[in-house]
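Trainee: Read top to bottom, the protein sequences are chains D and U.
For the first sequence, my numbering assigns the number 915 to the initial residue and increments by one for each residue that follows.
For the second sequence, my numbering assigns the number 915 to the initial residue and increments by one for each residue that follows.
A few of these clues could be false.
Given that identical chains are not distinguished, each listed pair holds provided it fits within a single copy or across any two copies.
[What the hints assert, rightly or not] The calculated BS3-like cross-link candidates involving lysine-lysine, where the alpha carbons are at most 30 angstroms apart (straight line), are:
{"id": "1", "residue 1": "1517", "residue 2": "1594"}
{"id": "2", "residue 1": "1484", "residue 2": "1074"}
{"id": "3", "residue 1": "1594", "residue 2": "1387"}
{"id": "4", "residue 1": "1230", "residue 2": "1209"}
{"id": "5", "residue 1": "1484", "residue 2": "1434"}
{"id": "6", "residue 1": "1209", "residue 2": "1387"}
{"id": "7", "residue 1": "951", "residue 2": "1074"}
{"id": "8", "residue 1": "1143", "residue 2": "1318"}
{"id": "9", "residue 1": "1074", "residue 2": "1040"}
{"id": "10", "residue 1": "1146", "residue 2": "1073"}
Read the hints as simulated data drawn from the structure, not as lab findings.
For clarity, every value in this text was computed on a predicted model and none was experimentally measured.
2 protein chains.
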Amino acid sequence: MKRIVVAALAALASLSAAADEGMWTFDNPPREAIASKYGVRLDAAWLDRVQRATVRLESGCTGSFVSADGLVLTNHHCAEECIAQNSTPESDLIGNGFYAGTRDRELRCQEEAVSVLVGTEDVTAKVAAATAGLSPEAAGTARRAELARLEQACEEASKKARGGPFKCERVSLYQGGQYWIYQYKRYEDVRLVFAPERDIAAFGGDPDNFQFPRWCLDFSVLRAYENGKPAKTPERLRFDWDGAEPGDAVFVSGHPGNTDRLLTVAQLETQRTAFMPFWLLRFSELRGRLLQYSKSGEEPRRTTESYLNLVENSIKVRRKQFDALLDPALFAAKSEQESALRAAVAADPALAGSASAWDDIARAQAVWRDMLVPYTFIEGGAGFNSTLFSYARSIVRAAEERTKDNAVRLPEYTDGRLPAILQSLQAASPIYPDFETIRLSFALERMREWLGPDDPIVRQVFGNESPDALASKLVRESALADPAARVALYEGGQTAVDASQDPMIRLAVAVDPAARALHKRYQEQVEGPVNRGQEAISKARFAVYGNRIYPDATFTLRLSYGAVAGWKEKGEDVRPWTELSRAYERATGEPPFRIPPRWLEAKDRLDLATRANFTTNNDIVGGNSGSPMLGADGRIVGLAFDGNIHSISGSYWFDERMNRSIGVHPAFIRAALEQVYGAKALLAEIDAR
Amino acid sequence: MKRIVVAALAALASLSAAADEGMWTFDNPPREAIASKYGVRLDAAWLDRVQRATVRLESGCTGSFVSADGLVLTNHHCAEECIAQNSTPESDLIGNGFYAGTRDRELRCQEEAVSVLVGTEDVTAKVAAATAGLSPEAAGTARRAELARLEQACEEASKKARGGPFKCERVSLYQGGQYWIYQYKRYEDVRLVFAPERDIAAFGGDPDNFQFPRWCLDFSVLRAYENGKPAKTPERLRFDWDGAEPGDAVFVSGHPGNTDRLLTVAQLETQRTAFMPFWLLRFSELRGRLLQYSKSGEEPRRTTESYLNLVENSIKVRRKQFDALLDPALFAAKSEQESALRAAVAADPALAGSASAWDDIARAQAVWRDMLVPYTFIEGGAGFNSTLFSYARSIVRAAEERTKDNAVRLPEYTDGRLPAILQSLQAASPIYPDFETIRLSFALERMREWLGPDDPIVRQVFGNESPDALASKLVRESALADPAARVALYEGGQTAVDASQDPMIRLAVAVDPAARALHKRYQEQVEGPVNRGQEAISKARFAVYGNRIYPDATFTLRLSYGAVAGWKEKGEDVRPWTELSRAYERATGEPPFRIPPRWLEAKDRLDLATRANFTTNNDIVGGNSGSPMLGADGRIVGLAFDGNIHSISGSYWFDERMNRSIGVHPAFIRAALEQVYGAKALLAEIDAR
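Throw the hints in and build the complete structure from the sequences for me.
Mentor: Have a look at this one:
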């Protein structure tokens, strides 16, 4: 691991773009580095076209328009919840796959929406003006109010100018170094068009997740609708079915979710000593409970699958992040970086205002570590983990927040956010009582364990009940599984909430004062001082390094550049692509190494040398799933769906030697649609000029 | 946590016995410190009497003789496996408790044995002579052979001199600074005499484990038999039914299992970055699986309970140990201690031979971290977690090892160890196939996850099977649940093993070459260099600090001194005892806060001011469970059963301010036997002069 440290320190010293590192905003891509390394000059038209064809799946992924009638290409695992929600005991679309064939058979994804970034405004100066001279706590309140005002103004302006559903969102880049308002065109009617069988989409399952070589057909096709009709999306991307060769430049456009590369050492300490062990212990046990339940029958298996995949994927990510945090080399490198910047600040009188920032953040971290456990269970909702409780909390909080001025509401309940809440409450998503009860019982039991049986909230919630009995009663007696009941409560506001005898509503009401108190303490003693400190550090960073830096990922649009490339694993070269033949050889007939019948039947027709998956050295992260991987000409040469195991430490640093992205090769998609599924209409729409 | 570091450093500087710290061997108790602090002078007669009345429960606890006819006082949780093994669906002794009443109704604990330390010999010089001038690997082999020879000689001598079952064991103290042969009188026939209901023995269950205030009647009574009759044990201890008051001196005699206070920083790094996360992730998931299974019915609950308690207890310990390892203060203190000793070594030419020891150990740790995962799964057996596999491995290895000379066998299969193996194979302990299958399936699944589906051993073990199918088949088709089948294979030796078609035997045979290769690599590249390095450090430590140090715990007899004392928790005084009344107030009627019917019925007869549990500042650790807590006059003033939550970091350092032991008060035991259970014959035997 020695070379990584050296590389990281070298990168710090020069901050040159020698490595293909960074998730860059579209207003500041490293054009010169790209041109000099790959001979590709990205002009404004290229960037604008790619931006308008890249969509954000609000459930946490990326996609891209691949037809003029709103077809969206994304991963199978990104559509998995939609596919599961459209499944029944008689028709298991996860297991059997789905192809609509005609538009009238496309299936609504009840809780999905896709958004396209159509405008951005830098409001850093406005926020600075609104918070000038205030204490950290007061600045926090003022900042939230100003950003809420700016969002609202943006939404009203766009409604007037363009009609249709637009959504404006505050974005904080460079840890508060910049504030932006991003304006999205939002499609709230999204439907499932095509999905392969889980066994080929996620061939190798959890054991192969984050591994390479791989053979996953991890793609699906959705369609955005507008006013009940397929959306018009002329800015669609085209495929380069041949894909890219080793060394070819590859660009990834998408919405990386979260990185922590700019955290201070004190913040990383919180991750290492408090957050990660606490999270991993709980989720490992939850994994065990869900697995054991899912093995108890076909229906338990089906109803648990999608959530369990999410849990297992998250565990794998957190585990490797934790490994990175436990690596003494990481902390050594981060400490050196921090010392270097602090030395630069100390040497420049103009940056005197930033000098105390690191210690201020460290003090706030001590508070945060102290309150992390109760905050997570009570305000974070980990003590009530269930979909029904989430509905109840949304209803209870929305009722109270809507009586307040938009600018002083909890950020999740501003006018701009309410439509998404209503969409979720209206969605006819199936609720599985046994599955709900298991999650809730687990959550209650662990809350009691970590907070202790004598904690006042624990006593209030439990009375004399056991976790199992309480969870079972709450789930059985709540009417919130019914969308109509939810919507009635939401629309009835505070009066309806007050009158409701629904036990889940009553629970959400009962714990809300304690939860809000924790929220307030967090805002005042953690978030406020941390934001203020980060702004100061960010100012220093810009002053010292200029614009040769990129912000941490924030689930907003970014561009990554790189090339098709393998890497060396324990001294052995890893070839940057796989071929279909090996998937057949590797199959055991048992999940997760089972080839679906359609693929067994099609084997003889297929060219087994077809490339299946491939790797590049693009710097991406979760949220980039479903991102189009583009050649220099802007055509799709792959579909990002994973990273190798080394990519997970990308949360904290980019290791150019080892960090690789994994994509589905276009030839694999073509072969599937053409030779296996006979999806002629779909292919024709994608191929249409 | 700052004050702890200061305390630890101060302790290092002077190594004075100011704190009531240490698990001292009976040949080197800190007599002066005890005399000056508590005015108690421990003479040879006192020590000898306590040693002969203290027993080791071979399943991992301590006990003491409390009657002249072999009655053994220990914890309920120490007898839990015995109680569970004597339970049936119709007669749940864990749930309902047990009182034999007469000797003919006492129930055999199939897998228990108790041992009394009757002699010790310091063989450090003999081992040094046998290993002089050899390389670390060769020294390892020579040391094992010499210790095996010494054990065997001791056993032959004691058989000639005294008859009856004696057992001699090698003991390494001070990390190889001293080698001893300990001679035990061993009682292999142990029976259950009395156990209260789980609900009062473990009142508060897992949520209250390691917590205080507590109200646990965590005691049980066993009896040692010899030649089918109650053993004669005139060196029994007597009770002081009034117990001890705050400030009164308390001595704990017992067998603390393991501490890691003398590890080097490199070894602690292994614990922090490799061992702990790996262990905790796996066991948290296993906990989830077992909990979910145990909730599926009364029989699953009953058959899982004892093992699950063990898992949950271990998780709590590891979790807090991990917290300690993640505390930067711990590593700072340990680094300072190490630097101080290294500086002393560098300054003394006579200690030049010890100078490279720390780096040698660090190099071995790098190897160990690299092989920890495969070693744990394949050689450690974590990939095959099931009682049936344990039987299979014992049978397969014993067959091969018994063909070798005693001195070159694996240490677990020397002649001295074989009787315990045979006892375990003969024991008619119930095997629950569903429970076995769940553990085994989990183990296989995680082995595949961590080693990867393409690992050669994984491929060999799995073929084309899924973990569930494979586990189910192995458990269903193996005959090893039958003691007669196990004993026949054991006695048939290599020929029987070769001929066996039992799938569990075949699995154990199949993985044995890989497992033994890992064992060999471990011995040569980890254990050998580490032992050699530790011996060198130990030499230096004795040279610098003399005998004012105590060895790490090794599940051998130790004495701890201290007093009844509370502590300050977040600024609040914790009173060092609890009273029975509060248990009734705290009861919810639901497990684990349920008072058993007998206790509800007896409530009016009981003095509710009776002390239930109490705390002392004795330095003890797991393995001390069941230890007698003694007053200055050698009478029993308590029964150790737990530590407070701060005691868990005692694995690495002793925090005098916070680390407390928890005991059952004698008055609670007396009230139970007299007022609740009417156990007159038992009380009469204990009270007999």
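Trainee: For which of the previously enumerated hints does the structure constitute a violation, in increasing order of number?
Mentor: 2, 3, 7, 8
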